[in-house]
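Student: Model the full structure from these sequences, guided by the hints.
This is what each chain is made of:
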Amino acid sequence: MTNEALKLKKKSSRKRRENKRRATSALLVLPIYLFTIAFVVGPLIYMIILSFMTRAEVWGVERIFTLDNYKNIFSEVYFGTFKQSLKLAFISTLAVIVLGYPYGYYMARTSPSWQRRLMSMQMIPFWVNSLIRLYGWIIIFRANGLLDKLLMAIGLTKEPLKLLYTYPTVVVGMVYVLLPFMIYSVYGSAEKLDWSLVEASRDLGASPVKAFITVTFPLTLPGLLTGIVLTFIPSMGLFFIADILGGNKVVLVGNLIQEQLMKVHNWPFAAALSVVLMILTSVLIYIYRRVARVEKLMGDGANENKDKDKEKEMGRGV
Amino acid sequence: MRRTRDGNLEDIILSLRNLKKSFGDTQVLRGINLDVKKGEFVTLLGPSGCGKTTVLRIIAGLLDADEGQVILEGKDVTEAPPEKRNVNTVFQSYALFPHMNVGANVGYALRIRGEKKAKIKEEVARVLSLVQLEGYERRMPHELSGGQRQRVAIARAVIAEPKVLLLDEPLGALDLQLRRQMQIELKKLQRTLGITFIYITHDQEEALNMSNRIAVMRGGVFEQIGTPAEVYDTPRTSYVARFVGEANIICGKVVSASDGFVTLSAAGGVVTARDGGIDFSAGDDVTISVRRENIQIIDEPQDAVLRATVKEKSFVGGLLRINLELDDGVEIIATRCGIDSPHVPGDVVYVKFSPEHAVAVREQP
Numbered sequence: 078m079t080n081e082a083l084k085l086k087k088k089s090s091r092k093r094r095e096n097k098r099r100a101t102s103a104l105l106v107l108p109i110y111l112f113t114i115a116f117v118v119g120p121l122i123y124m125i126i127l128s129f130m131t132r133a134e135v136w137g138v139e140r141i142f143t144l145d146n147y148k149n150i151f152s153e154v155y156f157g158t159f160k161q162s163l164k165l166a167f168i169s170t171l172a173v174i175v176l177g178y179p180y181g182y183y184m185a186r187t188s189p190s191w192q193r194r195l196m197s198m199q200m201i202p203f204w205v206n207s208l209i210r211l212y213g214w215i216i217i218f219r220a221n222g223l224l225d226k227l228l229m230a231i232g233l234t235k236e237p238l239k240l241l242y243t244y245p246t247v248v249v250g251m252v253y254v255l256l257p258f259m260i261y262s263v264y265g266s267a268e269k270l271d272w273s274l275v276e277a278s279r280d281l282g283a284s285p286v287k288a289f290i291t292v293t294f295p296l297t298l299p300g301l302l303t304g305i306v307l308t309f310i311p312s313m314g315l316f317f318i319a320d321i322l323g324g325n326k327v328v329l330v331g332n333l334i335q336e337q338l339m340k341v342h343n344w345p346f347a348a349a350l351s352v353v354l355m356i357l358t359s360v361l362i363y364i365y366r367r368v369a370r371v372e373k374l375m376g377d378g379a380n381e382n383k384d385k386d387k388e389k390e391m392g393r394g395v
Numbered sequence: 013m014r015r016t017r018d019g020n021l022e023d024i025i026l027s028l029r030n031l032k033k034s035f036g037d038t039q040v041l042r043g044i045n046l047d048v049k050k051g052e053f054v055t056l057l058g059p060s061g062c063g064k065t066t067v068l069r070i071i072a073g074l075l076d077a078d079e080g081q082v083i084l085e086g087k088d089v090t091e092a093p094p095e096k097r098n099v100n101t102v103f104q105s106y107a108l109f110p111h112m113n114v115g116a117n118v119g120y121a122l123r124i125r126g127e128k129k130a131k132i133k134e135e136v137a138r139v140l141s142l143v144q145l146e147g148y149e150r151r152m153p154h155e156l157s158g159g160q161r162q163r164v165a166i167a168r169a170v171i172a173e174p175k176v177l178l179l180d181e182p183l184g185a186l187d188l189q190l191r192r193q194m195q196i197e198l199k200k201l202q203r204t205l206g207i208t209f210i211y212i213t214h215d216q217e218e219a220l221n222m223s224n225r226i227a228v229m230r231g232g233v234f235e236q237i238g239t240p241a242e243v244y245d246t247p248r249t250s251y252v253a254r255f256v257g258e259a260n261i262i263c264g265k266v267v268s269a270s271d272g273f274v275t276l277s278a279a280g281g282v283v284t285a286r287d288g289g290i291d292f293s294a295g296d297d298v299t300i301s302v303r304r305e306n307i308q309i310i311d312e313p314q315d316a317v318l319r320a321t322v323k324e325k326s327f328v329g330g331l332l333r334i335n336l337e338l339d340d341g342v343e344i345i346a347t348r349c350g351i352d353s354p355h356v357p358g359d360v361v362y363v364k365f366s367p368e369h370a371v372a373v374r375e376q377p
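From first to last, the protein sequence lines are chains D and C. The working numbering puts the first residue of the first sequence at 78, with every later residue one more than the last. The working numbering puts the first residue of the second sequence at 13, with every later residue one more than the last.
Quick caveat, the hints were computed from the structure, so don't treat them as lab data. For every residue, glycine included, the Cβ atom is placed at its ideal position computed from N, Cα and C. Check before you lean on any hint, since a few could be wrong.
[Claimed, not checked] Chain D stretches covered by chain C per the calculated footprint, using a threshold of three residues with CB under 8 Å from any CB of chain C:
hint	stretch
1	289-296
2	303-312
[As the list claims (entries may be wrong)] Restricting the straight-line Cα-Cα distance to at most 30 Å, the calculated cross-link-like pairs of lysine-lysine (DSBU-like) are:
hint	chain 1	residue 1	chain 2	residue 2
3	D	K287	C	K129
4	D	K287	C	K87
5	C	K96	D	K287
6	D	K287	C	K199
7	C	K131	D	K287
Tutor: Shown next, in the form of structure tokens:
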């Protein structure tokens, strides 16, 4: 065999080994791909296709292409539901920010023992299913329920307020379920905040309020944004809260989809509603990522500073 | 021998009166007194954990003292919040705002004060050129090297023209070469700006190189406050002698004392040293300090020498270092130029130093 031929053989054997290795790793990740295709991508495509089909007279779907499902969404009744959902999501998120930001921020700044206490106040209720906890709110809010009895006992009201099945009660439920997500997002950001930055701002002449506005708030904004996404997006779809606490009076997109699917059996329309909701949340996530990418870049700078500090301290054996 | 205040009272810009501070059960500051004159460069020198950063934070208003007063330009600012004091800090970690570019960082103090945009821009450019960072306004802190961040931190702290600039080990994170260069630049900057600097370091070379006065700190008190020459040549305590001059400490009993000199018997010999302003009478315990470079090694016994055994030789930092053990077991170190000496470990030699080069110090626990 000539030298050339030997080289060629060597080369091809190396290539073969390389191919074999690739094939093995492909085989290893295959189950994940199969799972994703079967249970995520597949149903998604099915749902999109379904949304362009026609509802059959009695039961099921007919394979006739139509845009009516989407047109239907923009009819006054259904479009109103979308608007109402967005409004409720907006109000709930606002309330969650107002309550959750200070809580999460304080939790990060306080002493470790208080930190534990504040954390467990959020964690312990989580051990009980949120559906069951929501039924607890019924006991509180229903006519002649705990709240009514309390208010009448101290003489603030004379007759039951009939709070259950009202809009504010749904907001309370939303806030109750979603608050921990905000608290932990803000906590995560505030905990990483290098306190020497706030001291620097005070040192340079900023009052506590100005220091908060110019330093603390911008640096905890990534956590706040994460909290907003984690609150706003679910709050459009959490139909069971509106169901349990809102009766039939508050109808959200989530309720509409459930109703169309389970009661009316208009699958194509339910699919079209889902597609629109999905697009809406995708847009929100896209906006969040655009904003958060910039913020994250800056956040990294802060951490770098902090790490260096730690390194130095350890180096000097303090 | 407390250093008396010279100059007028108006010249004193900052006074610390009997500052005390405890964290839990640990007393960190145990009565800190210091007068700083206008335009002075004062260094607080001490090992980590001696409380020097605590002093700085109390001056800045970031920490409240348990007792004592901080007087700035004749006004008691002990209770004033940090933003109400005309004092700025260069933090050890620089603490640059990561979400602002260099220009916004440097201009922060003026922006908070509500200055006009054009003026801020002008001032930022001026201060950045002072620290040799012209045109860096738009860079983000994370894009800068350690040395550049340090300059930005200094620029940010001096832009508002504070009465006193506090620097907390600002060169600690830089490598040796850059540190030496920055020492010179900082000194130059201080002269240009005419601002009073209070500088913290644990590096005695840095302190000796840059300061007008050094306050050597240990365990929450100042052991000695004086010019670099005073602290180096006439340390008041054995601790100062060791920490600042890396000096040898020899203990003995006074034989006689007169005319500013004290003669003592120590380690089987009799030597003489300056009395360092302490009154001695025969029989007293005495501790003297002799710096390494002032120790001579001779082979034959003479008057006023101490016998010693060579223990070890090493070549460190361009100097030959000879470790010796005196007859009483105390180890001393001598340094000399050159790479080697004729002595080998185990040799019995004699140690000599001129009385001028030795000084009696107080032994403090």
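Student: Decide, hint by hint, whether the structure agrees.
Tutor: Now the hints, each set against the structure:
1. Look at the stretch 289-296 of chain D against chain C: 4 of its residues bring a Cβ nearer than 8 Å to a Cβ of that chain, three or more, so the hint holds.
2. Given as covered by chain C, the stretch 303-312 of chain D fails the check, having 0 residues with a CB less than 8 Å from a CB of that chain where 3 are the minimum.
3. A threshold of 30 Å between alpha carbons decides the hint, and for K287(D) with K129(C) the separation of about 18 Å falls inside it, so the pair holds.
4. The hinted pair formed by K287(D) and K87(C) meets the criterion: a straight-line CA distance of about 25 Å does not exceed 30 Å.
5. The straight-line distance between the Cα atoms of K96(C) and K287(D) is roughly 14 Å, inside the 30 Å bound, and the hint therefore holds.
6. For a cut-off of 30 Å, the pair hint linking K287(D) to K199(C) is broken: about 33 Å separates their Cα positions.
7. Among the hinted pairs, K131(C) with K287(D) is consistent with the structure: their alpha-carbon atoms are about 21 Å apart, no more than 30 Å.
Checked against the numbered hints given earlier, this structure breaks hints 2, 6; the rest are met.
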